[in-house]
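Colleague: Note that the protein sequences, when read in sequence, are chains H and D. Residue numbers for the first sequence follow the numbering used here, beginning at -5 and rising by one. Residue numbers for the second sequence follow the numbering used here, beginning at 313 and rising by one.
To be clear, the hints were calculated from the coordinates, so they are not data collected in a lab. Remember, predicted model here, so these are calculated numbers, not experimental data. Even glycine gets a Cβ: it sits at the ideal position worked out from N, Cα and C. Do not take every clue at face value.
What the hints assert, rightly or not - Computed spacing ranges between beta-carbons, pair by pair:
(1) D:Gln381 with H:Glu111: 20 to 28 Å
(2) H:Thr22 with D:Glu345: 25 to 33 Å
(3) D:Arg592 with H:Glu26: 17 to 25 Å
Said to hold, decoys possible - Which residues of chain H face chain D? A partial, calculated answer using Cβ under 8 Å:
(4) Tyr9
(5) Glu93
(6) Ile94
(7) Phe95
(8) Arg97
(9) Ile124
(10) Leu125
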Amino acid sequence: MSATAITATRLSKSYRIARALVRQPYRTLQEEVIALPRTLWKRAWGQSEKLETFWALEDVSFEVGEGEVIGIIGRNGAGKSTLLKILSRITEPTRGRAEIFGRVGALLEVGTGFHPELTGRENIYLSGAILGMRRSEITRRFEEIVSFAEVEQFIDTPTKRYSTGMYTRLAFAVAAHLEPEILIVDEVLAVGDAAFQKRCLGKMEDVAGQGRTVLFVSHNTQAVRQLCTRCILLEHGRVVADGETDETLATYNERLRTLRIDAETGINNPENRRGSGAVRFTGVSVEDLSGEERYNFRMGETVRFRLSYQVNEPMRGVAMVIALRSGLSREMMTTVRHVVTTEPVTAGSRGTVIIDLPEVYIRPGEYPLYLHISESVATKTNYDVLDDLTPPLVIAPGGRQLHGNFDPAQPVGVFSLPSRMTIVDPAAVPEAASSVRDRASRVTA
Amino acid sequence: MTVSAATGPESHSYSQRRPTVVIEPTSGWAALELGELWKYRDLLLILAGRDVKLRYKQTALGVAWVVMQPLVAAAIFTVMFGRFAHLPSDGHPYIVFVFAGVVIWNYFAAILQRAGNSLISDSRLITKVYFPRLAIPLASTFSALLDLTVSLVVLGAMLAFFSIAPTWRLLTLPLFVLLAAVAATGVSLWLSALNVRYRDFVHAMPFLLQVWMFASPVAYATTLVPEKWRLVYALNPAVAFIEGTRWAVLGSSSVTAPMVVQAAGLSLVIFLGGAFFFRRVERSFADSV
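Go ahead and model the full structure; you've got the sequences and the hints to work with.
Modeller: What follows is the structure in structure tokens.
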């Protein structure tokens, strides 16, 4: 690698959180005044307030070469966003040091600074300036931005009248024309439709192709695979793997598999463990019909889910849903609600169920799992979700291996129903293939 | 955080291999980094422009609000203090005398009002993008200028109506506007930074402004205050810029040079103190806003 673009040395960031995890981030003066005698007393006696120090990031070191496209992966709460916020200078590290060579463009969300009351034109200038562009620079690129976003007709309309799609396109267009030397991107692709996401990826590939450095944070393994040559895996604020994308992703999936899923896992993490806690998954195992735990299946095999749960508060019945998502956060396949029981269940009761997905004819690819348990009646609070807490289900080609990987941007279907081919005129079939024909009486398209 | 001086948003050359940015924990007092702020001057103006545009979007009266507010206030003060209480107005028509005070006071108050809560209302920006945080409260100082300009035009019309001819002193008006801007921005830097930590200041603001207005010669003349106490009274910087504005516009008032010097010095101290205080606490904004 030629020159260095980013050097991070033992970057750490701690937050002080009170034992009650819902501590408000600010206090009113009154609270402070009332607490003052106590605080002073404690300070005088050397007892500090019982604040826990939570390390969102701990001793993270790495080096990024100019022109490298690096993925930063990890589960929610692993410290990915904190790292980005430090590198984009939004917040300071508690310890450590980072050196950055070149102009940084950070894209932590789409539409930063957009105001719905302002017109498209006004928002382009506002958002551009916030992202660090000079007015003259924006003017120079204005036409380009507008045509990329395809909003020419509505450029003087307040953006609150825009459709979500138009709004997102315009917001991304501004950011895409920032032309930084180092681009830092966070999960921006989680928004918009598949076609738009494809376009964002394309634009980022352009950026990478021009020899600029890209830091891409995502738990969208598909996009990471497509874009990045190297990946850094974060877990509990530490670097646990740093290397080629395939290797790091394999480590990631391996670690997800060994992760103990119980009532406590990620319980403080609202991103992937939601719900009131009235019911929690206590065990998840994905296995084949012989009972062996695995996440790699061939097309057409049966995937068995063994799910255990524990009820912590009385509930009106129990029901479960399994969904396979595409790498781009939308559900490709959602099961019916499997009702375990409609009878009231008491606190402390436990259960285990098996849900089979028989003969999975889904196009080869990686499908993150989404597991949901709730009361059997519709409810907004009493549920539990496992979202990206298990390795994704990997479907490999089966049979004749003629399946392209699933790509949400391609106009081909996700599901392949079992289909059958009978060869009427064997003369069209070369000799060598006849054995294959005999073996595969049932062939998938 | 420290930024090496040579490069910034525009620079594309880093051949000398000096880092563009060094990210490190900082503690204690930080430099003001005015160079960094200068690089983001376009952002400052665009933010100010946004404030102006948003203020009068979807209002039926639009800019008429800018004219009406001070006029109505001046009319009420004229009736109450001029007609009923027969307070002195240094020999000028009471309405013109009061209006001049209201106009400059409103500029001062507008900066404080807008800047005070500005960091909270722009919290989305603070948690998602880097830019010099000073740009946010400073934008209020600029956006309030539009209202001031409109009010000054009305004041000009009023002077013409009462046939008060401008003197050379009118040329000093920008200095008093500057004094008001520095004083207001200084206070607003303190308040906006404190407001991130203690939301109490949102509630304190209207009260503070009300008390401060009656402690300032907006509706009455400084001549009400005994002469020996005037310099003490003028520890309130508003005294100098209000009476100064009257002096510039109407040609005479009770303002004295020591008053102005004292106010300027005090405002500068508040301003610089506020700026350094702001820089000191801004590093935690993204974590606590």
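Colleague: So which of those numbered hints doesn't the model satisfy?
Modeller: none
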